[in-house]
Amino acid sequence: MAVCIAVIAKENYPLYIRSTPSENELKFHYMVHTSLDVVDEKISAMGKALVDQRELYLGLLYPTEDYKVYGYVTNSKVKFVMVVDSSNTALRDNEIRSMFRKLHNSYTDVMCNPFYNPGDRIQSRAFDNMVTSMMIQVC
Amino acid sequence: MCRAAEAQHSSPMEASAGGGCGAGPPLLLSDGEQQCYSELFARCAGTVSGGPGSGPPEAARVAPGTTTTAAAGPVADLFRASQLPSETLHQITELCGAKRAGYFGPTQFYVALKLIAAAQSGLPVRTESIKCELPLPRFVMSKSDGERRIGNPAELLGTKVQIPYLTTEKNSFKRMDDEDKQQETQSPTMSPLASPPSSPPHYQRVSLSHGYSKLRSSTEQMHPAPYEARQPLGQSEGPSSGGPGSKPLRRQASLIRSFSVERELQDNSSNYLDEPWRITEEQREYYVNQFRSLQPDPSSFISGSVAKNFFTKSKLSIPELSYIWELSDADCDGALTLPEFCAAFHLIVARKNGYPLPEGLPPTLQPEYLQAAFPKPKWECALFDSYSESMSANQQPRDLNRMEKTSVKDMADFPAPTQDVTGDDKQALKSTGNEALSKDVSEDPVKLCSFPSDLPLFCYRSYSSTSIEEAMKRGEDPPTPPPRPQKTHSRAASLDLNKVFQPSVPAVNSGLLPPPPALPPRPYPSQSEPVSEGDLHPQLNRAPSQAAESSPAKKDAPHAQPPSKPIRRKFRPENQSTENQEPSTGGTASAATVKPHPTVHKQSSKQKKAIQTAIRKNKEANAVLARLNSELQQQLKEVHQERIALENQLEQLRPVTVL
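First to last, the protein sequences are chains A and B. Numbering follows UniProt numbering, with no gaps: position 22 of the first sequence is 22. Numbering follows UniProt numbering, with no gaps: position 561 of the second sequence is 561.
Just chain B, same shape as in the assembly (with noise of 0.2 Å):
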């Protein structure tokens, strides 16, 4: 059986295969292939109790075992090496038996030595197949097979004096990084069925073993397809430098996984051949805080007019960011979510710093790898000290955006949807906090496209002002107290401003305001007047509503409204007299009826004061543009009639010129 064929490594053996392979056809064997494949076996055989996973690192263990079966790790990695598509590699697999009979003995080991040699030269995986003669199979990194056709007896000896220099081989890999990194963003994805390119002897000599025994010792497992592009097409290999010596002995060293491929792709974190592309730990706290700004909740979309506008700042041109969209929006549906954004902002970073756009997306930016690397965006990190900072200062001014939008909401009237990104207070909040974040930009140790903010703070200032004398005139329920205006508040730098108006929100509802504007309605003074009392009116007005509102005493207030026009001006300066007296009491009133807020009374009274004079002058004008606009529309109505009258005489004119 095939267990007696074990005991003769190093004859030439015809190996039953038919026995431990049940329906494996007989091997022919030829002397060169007799050798290799026998070394081949001996150093994964080389192991002791080859288990999934259970080889440490260990230097220097090549010595050929007498144990009849090869390490699964071993003989997976040597398997990877061949540099076959995982699904070839798993018919191998299946063909030569050693699934079914749950171990690669010699015979299994040969019958998938020769089938990745006819894998490799190009004919289907069949047992048919490795019935002719067959060049030998090629193992990139591995061993004295490594490049040679035709077995190269004195290079299996040669290779084998190469294993003590494998230590410092290490030293050779930065070297090489460069070589690969080169190499592969040239050709960043490949897909496992592209033909690869040739490379030349030089490079696929040296950099081959190095590449990948570099690879190997990473405690990262080891993607095959990359490195097709060194795969030599029929290179006559040579004395292949160091190398393939040092790969048995690096292949035993490094991390032993069990021969499964679907570990094998999810691993594939060891790109260091895609430096370009990979995303370091500090600009993926960035992303993820641009995101933040974006959306608030990490793990849902930013939908693609946000994106847009977003990515737009970053002034490359429409055309490359729809490349870059292309690459970075996987599923295609018009949003980004946490991963896709990242990749999009990696791609628009490194087009910013020179690097030309991949064909496609690399594998180290695709969504899942991200997902995978980093798990949950660290909102508290504090592994960088500049972005601690910043984000202390940038969660200011988003709480600050995130209340004021909440306010915003609450005043009906003021169309302020969050994702109105033309807006002006949109903008306002956005510029608040891009500027917050831009400023880290330019700090950033990774030099990013700086986003601009556009817009000046003071966006922020005129419609916090704007948004509550609305509110105020329409009569509404308090809104909720927009958050604390920028210091450069105009009216009233330290007031919070809601925080006055409240008491005098509901006074003023129940005050005095004129009925023609969107004005609260006045209770029986104010709609004891008519319209057009004019400019006093509204002044007179408010004079007494003042007093109202200061005064818990409101009975003022209607015994104000009703006198006449002169009474009420003789009333004025009085009112106005004692507005003066008012505000400071005001404040004090305004304090009792407004327990929450025990603090207003403790702003300046003049502030408030301002604040009232800025609201009469306000609804002032407000009066007297709505009296030209009743006026106006007075005089279009009758414009209108007179066009009707006339193309009434015209109609019947008419007849008469027609004919």
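Same shape as in the complex, but just chain A (with noise of 0.2 Å):
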């Protein structure tokens, strides 16, 4: 279903991004990087009192006119970006949703690894596998 899967780290640097490889990666990195902006207004704009309210789903975070970018942030300022094609019929809020939850809970596995420092590139396999499976689905 997703173009391309990103997660940024707090400090917007990328511990993860792949992209269906079909496309000019270069254009997915551009926008996930753009995108970043919308999401620190997001956050920002929620204000500081409502940090534990925040919701973690931002949303559709802007449109393009080939592809819709998705936002997600975790509690530890970890942002999941996902860029979906326009073409596909629409997926709905829910799914989008559902994604970035896994997303969430795999990223999460990867942090218990005791071998894993945080704020390394992710080279989990089986975050590798569900990210997969998130983009093959598509097909």
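Honestly, the hints are just simulated from the structure, not real lab data. Glycine included, each C-beta is placed from N, C-alpha and C at the ideal position. There are no misleading hints in this set.
Reference excerpt, derived from the structure (chain B facing chain A, CB under 8 Å, subset only):
(1) G304
(2) S305
(3) I318
(4) P319
(5) S322
(6) D329
(7) C332
(8) D333
(9) G334
If the Cβ cut is set under 8 Å, some of the chain A residues that face chain B in the computed set are:
(10) D109
(11) C112
(12) N113
(13) P114
(14) F115
(15) Y116
(16) Q123
(17) S124
(18) R125
(19) A126
Calculated pairs, SDA-like style, for lysine to any residue (alpha carbon to alpha carbon, straight line, at most 25 Å):
(20) K308/B <-> H104/A
(21) K352/B <-> A330/B
(22) K313/B <-> M111/A
(23) K102/A <-> D333/B
(24) K637/B <-> L650/B
(25) K102/A <-> E359/B
(26) K308/B <-> A330/B
Each of the two chains sits in its own frame; use the hints to bring them together as a complex.
Take a look at the structure:
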């Protein structure tokens, strides 16, 4: 379903970014990068007092003519960004949410691994497989 | 009804399945199908009184009996041989009505077979799907149907002939093992729904029967999933060599179990296909020992950081270790239980021995499997001599370690968290444990990676002596005696330090110590003395303290302290001379005061004296340093004040310059 999935660390550098190889990957990288601004905007808009109540799922960040970009932030300010093809019959919000939830769970599993240093690139095969499954579903 | 139909075994019939199956549709069976099904049914019904688990492993019972029901056991086996996932098989049994009827009559059986064929062809398990023309169901290692497409009557006959050769096939099983193993290691965990790769006909023909037969003959139950690899996809099987005929026999010969899927999954222990991933008994014991070295309680967890440090010693690369962790930590909680730990350890061992890491956790390494297979770690294992020896050797340092840990905790100032791997003491402790264990590694029949002990034992030594001194200085309650240090103790090789010091610690407390450092506040005598006394002060104080501690008459101390320097100086040589005599008596005196340690005075007084001199020296040094510290602090204060003054001046001058 997703065309590109990225995990961005708190300091706004990518921990993991993967896109379907069909297209120019650089374009997706750029889109993810620009979406970070939107994410920050949304986070700050919620206000500091609401940090606990802030919902993790940010929703549609911004649409382009070809793609839609969705965002999700964890409580530790790790961001998940997902780029979805617009031509794909409109994925329902719930589906996107569930995909993010799966991402979050896999990310937590990666963190649980003591050999993973937070801040490293994510190289876990289990995480890769999960992301692949999410991306392949389109086909 | 269906009963009537049963009478017509070999004749083509149209099983009015509706009768027996209730809602089942009429079955239209082709000739080939008829024959196959009746054969199968005959085979299944061959065993008398086919109750679950009642069939002992008997040979030749092929004769199609006149029983009208197929035994649940062989039927179950046959179904499993079809290599369909268990849910599908469940569905099939339900659909064909056997569950409702409670038995496998011919109608039910035939419907079931047809459904199996349908499922194997990829059709959903529905009653409608059996209405169409279907290929025969395929059964691995089952009889004639086994690998055949549309019926091949010739083969049917051929297979029957194979039965007598059954027993000889046992020998070929071992041959097959390797093939199986290879096959399996390449695809160790296959989900039942994964499309099996089509194996070459040769392999399929040869190994299918043998492998399966061998497995069948084992006492453990078969798991169909691993054999999907061999399931041919549209392969024409020609004369399946010898296998098919033997299979029904085997089937009946094997232990008959009821058709329960759950048990199937649980009894998934016959995995000699996963040889590299199987944990042998000895390996298991070794892993358990290692687990205990990290975490004494075998039923609790090893935390992630502890495990990480431990596994890092294996010198595998971090990404590999990370991957192994991912595989073995099944519940992804960042901690390893005993089975998870064993799995991780085994993977590391395998990796070190050159096996590539699997894609998924092999079934033999699953935590449930490990827990079931080895319910209790046998701590007192006497299975292998090497282990029993090593264990006794291990226990000593381990006991010491534990005692050390408890004693360490008692010393308040000593930051010795048991989990502090980086700490000197911990590493020393661990190294003693690991050293003993790592010796086993080299002897271990399983060539394991050696986890070298990083720190030599002398760390242990220095730690214990320092701790005691600190404790004395702190003037706390006498710490619980640390265990006898290793023989390599520098200060007092065979002396149990604490036994010596226990009497002396309280004496020291009441005796004299220079006030500035963290020393116990002395009573009257020391407090009257000024700090600047300097070196002599501690020495002199110590001298009388020695006298005080050694002699029960502690009044000497007060008398000794208040005199001024010169007097003290004089007193000092006196004391020193008396001191020389005292140690000899000191031993006895301290022994008198320390009743629970009668052995103390047996220790040579020389050692005691040596310790006391050492203590004295350390106290002196300490006092010197403390003085130095106070002096430097004074200087620091002065410098601060100067700086403040200068800054003030600067502030005053600044407005002038800015303008």
